[in-house]
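Visitor: Sequence:
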Amino acid sequence: MKSSLWIGLAVAALLGLLGSVYVVREDQTAMVLNLGKVVRADIKPGLHFKVPLVESVRVFDRRFQVLATAPARYFTAEQKDVSVDFFAIGYISNVRDYYRATGGDATVADARLAPIITDSLRNQINSRSLQQLVSGDRSELIAGQLTGINEAVKGLGMQIIDLRI
23 MKSSLWIGLA VAALLGLLGS VYVVREDQTA MVLNLGKVVR ADIKPGLHFK
73 VPLVESVRVF DRRFQVLATA PARYFTAEQK DVSVDFFAIG YISNVRDYYR
123 ATGGDATVAD ARLAPIITDS LRNQINSRSL QQLVSGDRSE LIAGQLTGIN
173 EAVKGLGMQI IDLRI
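For the sequence shown, my numbering assigns the number 23 to the initial residue and increments by one for each residue that follows.
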């Protein structure tokens, strides 16, 4: 009778320990939620502990993410019609803001990020001639846009590091 009690306690302790340990890989960052509220954010890689059954862990990818869009039609300053597509490379810079803005869903982040970049790109294309767009001036166009885009997406908890058209 006593040995079965000890075995039961050992199994319960083992399950409690396994439920309180989690691992964050090097290419990830994590946050701990206590009944849905953010308790700890931007947890670095390694072995970490949480309170079982009360706290849950959300893990996010720290690697660069690519947002690609289909070609869209824009008008230049000379009212010429051009078809432009772009891709943006960025990463999650603030896990807490990213979670609050998107619920941790990458498709929601893409859906909120694409219009910001598209509007910025439209404004730049509308103010330039076709010759300026096609020439080597594109790096200047992109550099000017990155600053404005990053200010706009700061609330999303993301940062865009490169934009190619």
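These aren't lab readings, by the way, just hints derived from the structure by calculation. Each residue gets a CB set at the ideal place from its N, CA and C atoms; glycine is no exception. Mixed in with the good hints there might be a few duds.
With a straight-line cut-off of 25 Å between C-alpha atoms, the simulated PhoX-like cross-links for lysine-lysine are [to be verified]:
no.: 1; residue 1: Lys-72; residue 2: Lys-59
no.: 2; residue 1: Lys-59; residue 2: Lys-176
no.: 3; residue 1: Lys-176; residue 2: Lys-66
Derived CB-CB ranges, DEER-like [claimed, not checked]:
no.: 4; residue 1: Ser-151; residue 2: Phe-109; range: 39 to 47 Å
no.: 5; residue 1: Ala-165; residue 2: Thr-129; range: 27 to 35 Å
no.: 6; residue 1: His-70; residue 2: Lys-102; range: 49 to 57 Å
no.: 7; residue 1: Phe-97; residue 2: Thr-129; range: 44 to 52 Å
no.: 8; residue 1: Glu-162; residue 2: Pro-137; range: 20 to 28 Å
no.: 9; residue 1: Gln-50; residue 2: Pro-93; range: 28 to 36 Å
no.: 10; residue 1: Gln-50; residue 2: Lys-176; range: 18 to 26 Å
no.: 11; residue 1: Ile-111; residue 2: Val-76; range: 45 to 53 Å
no.: 12; residue 1: His-70; residue 2: Gly-170; range: 32 to 40 Å
Visitor: So which of the earlier hints does this model not fit?
Guide: Of the numbered hints given earlier, those the structure breaks are 4, 7 and 11, listed in rising order.
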